[in-house]
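Respectively, the protein sequence lines represent chains A and B.
Here the first sequence is numbered in this note's numbering, starting from 37 and rising by one per residue.
Here the second sequence is numbered in this note's numbering, starting from 86 and rising by one per residue.
Treat the hints as calculated values from the structure; they're not laboratory data.
Please note: incorrect hints may appear among the correct ones.
Said to hold, decoys possible - Okay, derived cross-link-like pairs now, EDC-like style, lysine to aspartate or glutamate, Cα gap no bigger than 20 Å in a straight line:
id, chain 1, residue 1, chain 2, residue 2
1, B, Lys161, A, Glu480
2, A, Lys303, B, Asp116
3, A, Lys548, B, Glu120
All figures in this text were calculated on a predicted structure; none of them were measured in a lab.
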Amino acid sequence: MNVAHQVERFRHNGHSHSHAQAHHSTGPGKGHRHVAIAGNPNCGKSTLFNLLTGLRQKVGNYPGVTVERKVGRFYGLHGEPMVLFDLPGSYSLQVRSPDEAVSRDVLLGREAGTPQPDLVIAVVDASNLERNLYLVAQLLDLNLPMVVVLNMFDMAERSGIRLDVAALEEELGVPVIPVVATEGRGIIELKTAISKATLTPPLKRPPMPEAIDAEVRTLAQTLPLSPNQAFSEALLLLTLHDRALEDLAAHRATVVAGVTAAQNRLKAEGMDPLCVLVEARYEWINRICQRAVVKPSRGGSPSLTDRLDRVLIHRVWGWVFFIGAMTLMFLSIFTLAQIPMDWIDSGVHALASWLGGHLPESHVRSLLVDGIIPGVGGVLIFLPQIMILYFFLGLLEDSGYMARAAFLMDRVMSIVGLHGKSFIPLLSSFACAIPGVMAARTVENRNDRIATILVAPLMSCSARIPVYTLMISVLLPRTAPLTKAAMMLALYGLGVVAAFSLAFVLKRTFLKSDASMLLLELPPYRKPSLRNVGVCMKERAGLFVTRAGTVILALSVLLWALVSFPKPADPSVSRGEAMAQSFAGQMGRGIEPIIKPLGYDWKIGVGLISSFAAREVFVGTMGIVYNVEGDEKAGDDATKGGTLRDTMSAETRPDGTPVFTPLVCLGLMVFYVLAMQCIGTLAVVRRETNSWRWPLIQIALLSTLAWVGAFAVYQGGRLLGFH
Amino acid sequence: MTRPASQKTALPGVSLATLAARQVARITGFDLPPERRARLLEMGLTTGAEVELIRFAPLGDPIEIEVRGYRLSLRKREARGIRVACL
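Isolated chain A, as found in the complex (with noise of 0.2 Å):
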């Protein structure tokens, strides 16, 4: 997804307009405007950025990191086209996640291919204005033009805050424009002070005492940049602590010795710079707030946000609101899904035999009906589940709940190292591991989140379900389907106990992190917006299909070409036959001696194999090999009318003992459930960590775990005498 390329579409194919001449840092004729989105998380930013761009957006990265970039294109006042940034909501430019870096960088126009914004819209909540103003201080010291939104100000005057938006105007030195995003009140305002022919830099700077500063401005001299991104520089170097300043020294050691020999200066006046600066910004915002601001005294009838607080952080009733709507959104993940699941089924089913009709025989149309339409099918058949998931997420994501949710849950995920924040990426994986890991973003200790990203595969995703059926009805064909449920269950908490326990490990061993520190912001209750639901909807499907997507598609496609070739002597023989003479079924022998300690055959490998692509790929697989669809091809004789649940508990070793024993049953259950074999997930995991490293060791990980599993079952229980 070229991203800077959109951006240059948007530059030239705009006509020209006598605004960008006066405009400070892009030259004359260079086209528009570049406006940044910046502000704290749950501020109603990116309901800004959906407002003022509509669905003129697009969603890329930033290059070399995993953090989105959002790109919009909208009109000012009087139609002039602009770009606009939304970057990752910060609570501050001394950064702690790759999101609060990107925004920084963006910010500091440290960040390639993105120019340094020519205006910055400085979002801030209304209702929380002290803590808002924080990152606004900051913001104000990089001396760049800004207006600030004080967003759902109707929140705040309805919780009887009184703002006095003039005195604000005048403390901060820039315009302060009261906006109602929700529902577009202020959005002129807004436009007319975005559209501005001239942009001129805040007229005042927030105080910074006076041996920083000083300290600020001989190291900014040092620096090779403008003054204004100098001073910017120098500044927040100057405030790195020692860990920081260890990483950068070893490409500007000159710099950091600089910055090391003003830090010193400093402390040895009892300064520790960024304390005193953070304490000068409060000090300056408590003044602030005492002129502009009004709030409402102690002791008024409670929120909103307090009312449902006892409630749904109550030692009972939360835990029971807790599991009910968890359990709400797998049960519509699973059942209102099965609908168009079913039409996706059926239709490229349909389209692959009417093109199996109408094409001539040839390795074309093997190709189109037996490896990309399968393969696009099994892409899209995951589309329903994932819109769904993120449906839930984004609703209990904007309704301020999802907080709530860690707040319950960091207790429990921090017997096994990680914190609450983990916890939706690990229950998103029970749809499917991509959303999880792709959400593990939001987690911002860097170890925390490999270890959530490492141990997300192992929660039962949707894929397996297919294959969990057909072994359960294999192992126990005759038994009530409580049973079944039962084992079902068991599988599933199997991998949750895996994954627990392999966080666990990891959190002691590798991944050790003595910093991990929740701070977590309980944000009010809102009223989710059913338009921020809706965007992040499309923008997830949109990046599950391109991200994992064409992977699977691609190895669909691989897969095909190992079942397909090379092809039998004879045409005459079976699909089975044609299988077991293929590359499939080379690779399936080749890695017998591996899986028959596990007691499975070459069968049983080439479905391994081929799981790869999405795990219920086995079940087809398994098919094929047992020649079970029998109404593809004549001369499938011996298995017509048998399902592949009988054809598989009749199958026999050369010595006549059944292959599925079940011990092989049950070994193979756990095999599944523990082992990594989704290249969609291998393709996101490489993207979110920027590196093969974590997704190999997450693969030998896995497969190792899940081939020990395995073999203690399959051996194990021949010693204790079963079999």
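Could you slot chain B onto chain A? The hints should help.
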């Protein structure tokens, strides 16, 4: 302003983690490594700021506090390093 670790017992007040629900207090100091302290400061937990302990999570940890008009949750481990004087 920055106190060496050896002086931690000399810090005034009690720890934030010892407050009862709905108790209001004022921050008097920190007993945390600089990096952690800086993060709390940036979130508005500065010396002199008023905090109210809203509730403990159902399983006892983390805690929810109100500071500068918003709600923040943090673990007891950090809360123990925040010294407060009850109001």
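So, going through the hints one by one against the coordinates:
1. Distance check on the hinted pair: Lys161/B and Glu480/A sit about 19 Å apart at the alpha-carbon level, within 20 Å; holds.
2. Annotation: proposed proximity of Lys303/A to Asp116/B holds, straight-line Cα distance about 18 Å (limit 20 Å).
3. A hinted pair counts as satisfied when its Cα atoms are at most 20 Å apart, and Lys548/A with Glu120/B qualifies at roughly 18 Å.
The structure shown violates none of the earlier numbered hints.
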